[in-house]
Amino acid sequence: MLVRARGLTKQFGGFTAVDGIDFDLYRGEAFGFLGPNGAGKSSTMRMIGCVSPPTSGELTILGRDPVRDGSAIRARLGVVPQEDTLDVELTVRENLLVYGRYFGLSRRVIRDRTAALLEFVQLSDRARDKVDPLSGGLKRRLTIARSLINEPEIMILDEPTTGLDPQARHVVWDRLFRLKQRGVTLILTTHYMDEAEQLCDRLVVMDHGRFAAEGSPRDLIARYCSPEVLELRFDPELHESAADKLKDFSAERAEVLADRILLYVSDGDAALGAVRAGGLEPLTSLVRRGTLEDVFLRLTGRRLED
Amino acid sequence: MGVLAAGVPRLGNPSFRAFQCWLTVYRRTWRSSIWSSLLGPLFYLGAMGFGLGTLVDRHGTASLGGVSYLDFVAPAILASGVMNTAMGEASYPVFGSVKWNKIYIGAQASPLRPADIFRGHLMFMTMRIAMNAGIVTLFICAFGAARSPWVVLAWPAAILTGLAFAAPIAAWAVTVTSENSFSYVFRFVMMPLMLFSGTFFPVSQLPGWIRPLAYATPLWHGVALCRGLSLGQIGLLAALGHTAYLAVLAGAGIWAGARTYTRRLYV
Chain A
15 MLVRARGLTK QFGGFTAVDG IDFDLYRGEA FGFLGPNGAG KSSTMRMIGC VSPPTSGELT
75 ILGRDPVRDG SAIRARLGVV PQEDTLDVEL TVRENLLVYG RYFGLSRRVI RDRTAALLEF
135 VQLSDRARDK VDPLSGGLKR RLTIARSLIN EPEIMILDEP TTGLDPQARH VVWDRLFRLK
195 QRGVTLILTT HYMDEAEQLC DRLVVMDHGR FAAEGSPRDL IARYCSPEVL ELRFDPELHE
255 SAADKLKDFS AERAEVLADR ILLYVSDGDA ALGAVRAGGL EPLTSLVRRG TLEDVFLRLT
315 GRRLED
Chain B
17 MGVLAAGVPR LGNPSFRAFQ CWLTVYRRTW RSSIWSSLLG PLFYLGAMGF GLGTLVDRHG
77 TASLGGVSYL DFVAPAILAS GVMNTAMGEA SYPVFGSVKW NKIYIGAQAS PLRPADIFRG
137 HLMFMTMRIA MNAGIVTLFI CAFGAARSPW VVLAWPAAIL TGLAFAAPIA AWAVTVTSEN
197 SFSYVFRFVM MPLMLFSGTF FPVSQLPGWI RPLAYATPLW HGVALCRGLS LGQIGLLAAL
257 GHTAYLAVLA GAGIWAGART YTRRLYV
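Protein chains in written order, with this note's numbering: chain A, 15 to 320; chain B, 17 to 283.
Rather than coming from a laboratory, the hints here were simulated on the basis of the structure. Predicted model only: the values in this text are computed from it and were never measured.
Facing chain B, according to a computed beta carbon distance under 7 Å, are these residues of chain A, among others:
#1 Val65
#2 Ser66
#3 Ser85
#4 Arg88
#5 Ala89
#6 Val93
#7 Thr99
#8 Glu103
#9 Glu108
#10 Val112
#11 Arg115
#12 Tyr116
#13 Phe117
Think of the CB as a built atom: it goes at the ideal place given N, C-alpha and C, for glycine as much as any other residue.
In isolation and in its complexed conformation, chain B is listed as follows (with noise of 0.2 Å):
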């Protein structure tokens, strides 16, 4: 970015210009979703884990490895929550920034680039992410569903896990012509990745031949991440897989968004 002109001060990046804009629009709504924030993962965590996690730790957990429902089911809230967080603020926030409210229409104006437009808002979301992703592990550990000190690494897990949804949907989302579109991802996308991506149960009570299809998902390697450093029964080589396959997933989003911005501003 050495383009700009001289006499125009250069204060900080050009997409943490971009992302201090949604910053300042959190400061003014962030009342009206911290209480999702808060209140879902608890009821979620309440109804799972300690309703039908009753049920089923009455029943024996072998094919959960052993542990507890809620043990078990609680790192999967986490990472299937943040890929909620990372669809509901990469859909339609990004497409309204062009149809609606045309925040990118306006900040196109100013020296940001598309690419930059994009970055800014993709860090304003992994900020969500990362908040949501605070506050359910922190109930984790509150609810003494942690097994392991590495608990703590599930937070960047999760956040990992938001952005490998968050950055490949707001490149795409951008590029949308009608909103309808989104509840098609959130039905035949989003929904069954909750329920088959090894989040409820193991993926191994599925038929033979779909597991192969479960372990391709980006949701199934989030939650395995997260639920081996929760319950401290991960190898450091399935550790580093998992994590590869979710940033190569966030960098290629990433690098598309870049262009699908450009071409949809840019014209």
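Here chain A stands alone, though its shape is the one from the complex (with noise of 0.2 Å):
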């Protein structure tokens, strides 16, 4: 087991930011915190990046106490923040240099792997540009690689493609794929859906600092969805009435928002002929699979990207 917390509890003044959460992880996993902005996610990844004291509760990191052994746990960590922290005047190989000397490896170490780092998140061609006209999808990859540079056995992702371009994450979303292939352990937070199905074998919704539900995606999906929804848009007019007569005749859960109304059925070709033969006729219509965001609006009440 390489982290384990028990009654977790980050508090900032009055205000508390995680609540006595309990998790255990192992080597070689993915796992991700689901939860929307505010959730608490941030402050338990700073507390497991052994830069933030836990306010109470217990937390172990590689069999270690933060608190105590914080530098010489950061030593096996790779952490990539939320917001960026490269140095922008300096070039993407210096920056590799700069940080591999903050963890006291040896220049030629340094070299060696800055090579192969460079290779891997596919920066060999920019080594000596300066990091600052590089797109965010690339000043992202050299984030990635300069958090490898101490060859890390767990890495820390705060939203690592939150911001970026489609395309530039399925990128990163590819390599942190390999790192996991290679045994990496990622601990990640996100509010994508799409990113949590991709990646994490094990992941937690977290909402208002706590534990709303634990368990793989595939897992979650089956527990708190059904196998497919049918999203139904009305004329705004008839939004309100269709709701109402759907929820009569329909036994399937509902889940009414501001412009579409949700279906969360077994069947949704058949739903979707029931629901015109009582009548009703939407605007649009769609019949899709049930997702990680279904599950977190029947947990909370809310969507993720709120």
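Dock the two chains into a complex; use the hints.
See the structure below:
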């Protein structure tokens, strides 16, 4: 077991950011904290990263106490923070040099690892370029390379793809997936359900500093969602009356959003037929699989990116 | 620092490793600061020492201790110059390392502790102070404003003066939430210190009631020490007294910085 938390709590003044959570993380797994902004994900990550002392509860990382042995633990972690902390005045290579020196690595070791890491994140041809003009996606990849300079056992990624365009996100996911294949333990936070589904073996849904649910993405969807979801959009003027009618004749669970109605059903097409047979004609309709977004909605009554 | 994990080679003191980061950055940016380091003191020495000095010397320099105005003011330009360097290096760069380029935040994820990050940055500030103090000391000698071989000790005296400012300012700057605070310090602390610490005229010219205040300021001690060495007019006891004052201030800043950095970064 790499990380063990019991009753882990973080308070800032009177505000409780993390409210007594328990979890165990095992070697080689990818563990995700899924939740909206302000759910307590980043505070939890900072505590695991040994840069924030827990207010109360137990926390053990790599068998050590983060308050007493923070420095020794951090030597074995790789951290990709939410906001880039690259030195934009320096070149790609110099950023890795500076960071490697923080870890006390020799210049020779850093040079060898830099070549391999830049290769890994596909930045070899930019090694001598300054960081400043690089795109968000390239900077993120450099941050990932930098966090690997000490060959960490655990990687901590706080919203690794927030702010990136879809193509850049897929590159980052691909690299993180390869790291996982190599046996690096990943701990990540995200408010993107697709990211969690792509990367995480196990995840917790976090809300108001607590865990609302815990399991593999597939487990959670099976437990809290239906196999299919029927999304219906009505004329805004008919939206409410349609919602009432649907509740009347549909035995299945319905979620009424501001612009859409979601019906959680086992067979989407059949349900759509039933809706039409009941005399309701939606403007648009969509049948899709249940996702973590639906799980989150079910558990918290709110959408993830609100 | 015996807590680094086995398998991670321990190369160098952790504060020194943080210092190396600043050195790498400086290798890229030194060109932009070198001109102000060279020309600033040159302008001051030219304007004050020669321009104003000609006027002052014509009216007699008994109140300056009988030395020319250039000789009188040059070591003060050294001491007040390092104060400005210290303020420049310990204010915005410290604040920016938390808020703007986040150098501290990046470093914090490594085995470096906040106190290491502080001391490493302070080493770099001391290096910058030593560079600028060295340049001015050389100018003083080149202009023939040094009247004693003890002037070689004015260089370390100026470095100590700079550290006595840099350490407490950095310890405070890391806690600042808005960069506006710095302009207040520049205007209401640095400016009066620069003007009334026996720099451009002797403190004896000030009204009697305000003199004790001037004697209590760190810059007065720095100026008195540098001037005494440059002119060869300082007793051992006075020199030790000034040195002790500045060393205590620097020590207090170093002590406080380890704590304020921890409180700011480790939350």
